[in-house]
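What follows is each chain in one-letter form.
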Amino acid sequence: MSQLLFNGLVIGMSYALIAVGLTIIFGILGIVNFAHGEFYMLGAYALFTFQNMIGTHYLVGALLSILTIAAIAFLIEYLTLRPLQKSDHLNSLLATFALSIILTNVVQIIYTATPRQIAGAFNQVVEIGGIFATQQKLLVIIVSALIILGLALFMKFHGLGKLMRAVSQNHMGAMVCGIPIKRIYSVSFVIGIVLSATAGILIGPTTYATPTMGTLAMLKGFVVVILGGLGSVPGAVVGGMILGIAETLGSSFFGNAWKDLVGFVLLVAVLLIYPQGLFGFKRREQ
Amino acid sequence: MMKTRLAYLVPSAIFLLIPLVVTNPYYLKILITFGIYSLLAFSLNFIVGYIGEISFGHAAFFGLGAYFSALTMEYLGVNFWVSLVLSLVLTGLVGLFVGFLSLRLKGVHFAICTLAFAEIFRLLILNLGDWTRGAMGISVARPKVPFTDISLGSDLLFYYLVFAVVVIVIAFNRRIFATPFGKAMLAIRESGLLASSIGIHITRSKIAAFVISTIIAALAGVLYAPYIGIITPNMLSVHYTATGLLMVILGGRGYLLGPLYGAFVFTVLPEIFWMSPEMQLVVFGLLLLLCILFMPKGIASLLQLRKLGSIIRAKNGG
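Same order as they appear, the protein sequences are chains A and B. Residue numbers for the first sequence, in the numbering used here: 1 to 286. Residue numbers for the second sequence, in the numbering used here: 287 to 604.
If you are wondering where the hints come from, they were derived from the structure by calculation, not from laboratory data. Be aware that one or more of the hints could be misleading.
Claimed, not checked - Here are the simulated DSS-like pairs of lysine-lysine, each with C-alpha atoms no more than 27 Å apart in a straight line:
1) A:K182 to A:K162
2) B:K315 to B:K469
3) A:K86 to B:K315
4) A:K86 to B:K392
5) B:K583 to A:K182
Treat the numbers as computed from the prediction; the structure is a model and nothing was measured.
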């Protein structure tokens with residue numbers, strides 16, 4: 001049982017990381033990023049590339065991957081989302097949808113559909129109080145927790161974090177106060193994407209990388225974000241935990257094939273009964 | 287009136303005569319795919335173009351249509367045409383259920399909710415392998431012409447079946463906007479608040495449009511099954527929704543013939559410039575992106591066609 005809960009926690013942590021990125025992008029840019037899962041996938045593939053082309057260590061590869069993806073995210077925001085900022089939000093939604101199609105298929109052309117194994121640096125199994133875990137899984141939990149904690153502190157106390165919160169609370173008000181709103185959008189998008197890519201880098205060595213892995217990650221991200229409340233960071237963390245644990249318990253009760261169904265039924269139920277989510281607040285119509 | 291007749295007659299004549307010009311059997315197959323995909327796009331246009339919401343789970347109804355048809359043929363022993371009717375009714379009922387629940391939501395919440403429903407249906411079909419054969423799929427034979435022994439196995443006859451359906455759907459699309467229901471729908475698209483102020487029940491009209499849309503999607507699915515020969519749970523996946531959205535946005539959302547242009551660009555053009563399927567999707571993704579950035583109203587707007595609303599206005603002399 002405690003082993004199950006632990007596995008649920010590992011998955012939940014990665015969901016939380018993806019979902020926090022998704023929720024920041026929604027809260028600040030007002031965009032639901034349908035390409036979010038693709039950056040999770042890109043994180044894993046970038047790591048794979050650095051490890052196999054240059055032969056870097058896991059940690060160095062991780063750092064290089066994050067920098068590369070941050071640059072890609074910056075370009076994407078600048079070229080596609082910024083021009084659409086003033087148009088209908090459904091257009092930005094469709095733009096990210098187009099991006100997700102492009103990214104998946106570009107990766108599929110370069111790396112083919114063959115699942116790729118990503119080498120981790122921490123493969124030893126350790127035992128803590130009757131729970132068996134690879135070091136990589138512990139790394140997932142520790143690093144995710146540190147990142148989320150760091151982000152929370154950043155948003156609370158750092159000047160830029162405060163500006164980000166101001167924009168998410170009131171776009172117009174922030175603009176009137178002279179906050180460089182476009183720059184905040186850009187920074188927030190890059191931060192959100194890097195979180196998703198980091199999840200891919202952390203989870204990558206515990207599984208295989210395929211070009212379509214992003215779709216499921218994105219769907220899970222949505223479940224978590226809706227569960228916790230769109231735009232709420234603590235909601236995303238708690239939602240991630242709930243989904244991760246619900247899935248592992250669900251798969252042990254109903255069998256692995258039904259695992260993914262748990263999340264979607266949960267999602268529909270929350271949407272229909274309590275659409276603002278656990279930590280959400282009712283958004284004004286903008 | 288003369289002009290309206292011409293509007294029907296000219297395209298119908300083109301559809302009738304195309305097989306005389308295009309004799310290459312491979313091109314005929316592409317044309318059939320074009321017809322079926324345009325049906326999928328027409329159905330999605332009801333949601334994207336007329337209701338003004340984006341559904342990310344529309345392929346569910348395309349796939350459910352195919353599965354209901356195949357399963358009723360398998361377990362009830364009915365022939366293809368009866369299964370077609372049963373499938374449309376059953377998918378319409380599922381559409382009513384999904385629409386009733388999800389149309390309370392708007393924008394991104396609606397999009398995510400439809401996506402979740404689509405995944406639920408896909409996983410159900412995938413995991414209920416005892417009835418649906420799961421990932422193995424079900425093979426579906428080509429039907430016979432009713433009351434005869436003539437099989438629609440030849441692509442030529444199947445082509446005529448598909449295009450008869452396409453013409454009917456286009457005519458239906460045109461007609462519906464002359465009815466009070468169609469006018470109510472247009473009023474909602476232009477301004478929901480104003481429409482409700484004159485007593486139009488918004489959610490009810492939206493649900494009705496949603497159900498019509500799911501029935502057309504099911505029609506596309508039922509035709510697709512015997513054409514392709516085998517159906518798998520993949521038919522309900524995001525891939526087909528993406529295809530549909532690409533066609534609707536590229537073609538021009540809310541335009542009567544928009545889906546037709548979109549489907550043409552999507553199915554016929556890749557054959558002229560041969561590319562691998564992945565490369566095609568990259569190109570279409572880029573096209574979609576460029577289209578949203580620079581031409582959000584799609585190809586139909588380029589051709590200076592009038593949106594459906596303005597056709598009605600012109601007819602009423604307004």
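Against the structure, the hints:
{"no.": "1", "hint": "A:K182 to A:K162", "in the structure": "holds (15 Å)"}
{"no.": "2", "hint": "B:K315 to B:K469", "in the structure": "violated (37 Å)"}
{"no.": "3", "hint": "A:K86 to B:K315", "in the structure": "violated (43 Å)"}
{"no.": "4", "hint": "A:K86 to B:K392", "in the structure": "holds (19 Å)"}
{"no.": "5", "hint": "B:K583 to A:K182", "in the structure": "holds (26 Å)"}
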